[in-house]
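A.B. asks: These are the residues of each chain, in order.
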Amino acid sequence: MQAASPVRSDPAPSDAAVRDADIQAALRAGQTAEAFSALVDRYEAKVFRLCMAMLRDSTLAQDIAQDVFLRVWRFLAHYDARIGAFSTWIFAIARNQCLSALNKPHGCEVSLDESEVWQQVTQIPVPSATNDAASLVWLRSLVDTLPSTYRTTLTLYYFEECSVAEVASLLGVPEGTVKIHLHRARNMLRQTLKQHGMADFALWS
Amino acid sequence: MSDDLNMPTDAGTHSTGHRSLDRALRQIIPPPSVPPDFRSKMMTMIQSDVSDLETRRCELKAQHQREVERLQSNYVQLRRDSLAAVIATTFTMGICASLLGPWLYDQVGSDVSLAMPLVAAVIGMAAGASVWIERFGRAARP
Chain F
1 MQAASPVRSD
11 PAPSDAAVRD
21 ADIQAALRAG
31 QTAEAFSALV
41 DRYEAKVFRL
51 CMAMLRDSTL
61 AQDIAQDVFL
71 RVWRFLAHYD
81 ARIGAFSTWI
91 FAIARNQCLS
101 ALNKPHGCEV
111 SLDESEVWQQ
121 VTQIPVPSAT
131 NDAASLVWLR
141 SLVDTLPSTY
151 RTTLTLYYFE
161 ECSVAEVASL
171 LGVPEGTVKI
181 HLHRARNMLR
191 QTLKQHGMAD
201 FALWS
Chain C
1 MSDDLNMPTD
11 AGTHSTGHRS
21 LDRALRQIIP
31 PPSVPPDFRS
41 KMMTMIQSDV
51 SDLETRRCEL
61 KAQHQREVER
71 LQSNYVQLRR
81 DSLAAVIATT
91 FTMGICASLL
101 GPWLYDQVGS
111 DVSLAMPLVA
121 AVIGMAAGAS
131 VWIERFGRAA
141 RP
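So the protein sequences, as listed, match chains F and C. For the first sequence, the residue numbers in our numbering are 1 to 205. For the second sequence, the residue numbers in our numbering are 1 to 142.
Derived by calculation from the structure, the hints in this document are not laboratory data. It cannot be assumed that every hint is accurate.
To be verified - Below, in silico cross-link-like pairs of lysine to aspartate or glutamate (EDC-like), each with a Cα-Cα straight-line distance of 16 Å or less:
| hint | chain 1 | residue 1 | chain 2 | residue 2 |
| --- | --- | --- | --- | --- |
| 1 | C | LYS41 | F | ASP67 |
| 2 | F | LYS179 | F | GLU161 |
| 3 | F | LYS104 | F | ASP63 |
| 4 | C | LYS41 | F | GLU161 |
| 5 | F | LYS104 | F | ASP57 |
| 6 | C | LYS41 | F | ASP41 |
| 7 | F | LYS179 | F | GLU166 |
| 8 | C | LYS41 | F | GLU166 |
Please model the entire structure based on the sequences and the hints provided.
C.D. replies: Structural data, given as structure tokens:
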């Protein structure tokens, strides 16, 4: 005789859904303006940082972030909680807007393959090991020449105060993927530093 | 804090180097702050979008109203035309019957009461057939 099957219950709401429950309630009450205001308060910094990490241009990032919230405003009244949490929805809009901006013919992003990246890296003048400011500028250049996926992940990681979970949420990827990208980005940086005799990390302290 | 940064294989090997690089990266990648005019610009964009939507809604409403009026006017015209056609046909048939009646009576004698409806039916069927032929012809045309 088969054991009785367990009673199926609704899946537990995600942390993001719990966090945005007040916005959901405002929307259900027909208070779209209040819900939107709360959404902007909660997500404007994150959306702006995501745009900055992907676009690397403050003016463009601001324009795209505003466009993201304009879209959110347009569709907020028709938002269906079943499609996912607000954060998932907003970050997906932001990523798509950034990718569209990057795909425009005169986008600020220049896509390079790995060989080009490394060629570019080797052309960057190496600072003297004793000059900390120059070393940091050089390190910044190295980060800029990382493949875009790794660079975006690494940048967001530091933007988001080193929270892998936040970065994963912003990029819409699993946390494991974020960790792998961070590891690879860091290894690439380390290799380049080693190639240029900058592997002594005491230089960076 | 570098727990997240290192892969599991790195666990337990948090060297000074890792921390130093991590610190340097944190120094060169500071979180950007949202521009102070971000919110005001965004609200301006939204207000402009709302007024655009309002304008479009008014335009669409006016267009809808014009379409409804046009359809109504067409419907009234159609009803008038149909009524006029029925009246004209009735009078024409009456005139035809009054003119053809005596001639038919001479031709078929007492069977005129049968012949008249037959002639009317043939005329009606011919009219119907012409309408259907025209419709099929229109449908067959590319």
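A.B. asks: If a hint holds in the structure, say so; if it doesn't, say that too.
C.D. replies: Taking the hints in turn, this is what the structure says about them:
1. C:LYS41 - F:ASP67: With Cα atoms ~11 Å apart, LYS41 (chain C) and ASP67 (chain F) stay inside 16 Å; holds.
2. F:LYS179 - F:GLU161: Holds, because 15 Å separates the two Cα atoms, which is no more than 16 Å.
3. F:LYS104 - F:ASP63: Satisfied, since the Cα-Cα distance of roughly 14 Å is no more than 16 Å.
4. C:LYS41 - F:GLU161: Violated, at roughly 27 Å.
5. F:LYS104 - F:ASP57: Distance of about 14 Å is within 16 Å: holds.
6. C:LYS41 - F:ASP41: With a Cα-Cα distance of about 15 Å, the restraint between LYS41 (chain C) and ASP41 (chain F) holds, given a limit of 16 Å.
7. F:LYS179 - F:GLU166: Since the Cα atoms of LYS179 (chain F) and GLU166 (chain F) sit roughly 12 Å apart, the hinted pair holds (cutoff 16 Å).
8. C:LYS41 - F:GLU166: Violated: LYS41 (chain C) and GLU166 (chain F) sit about 27 Å apart, past 16 Å.
Taken one by one, the earlier hints fail for this structure at numbers 4 and 8, listed in ascending order.
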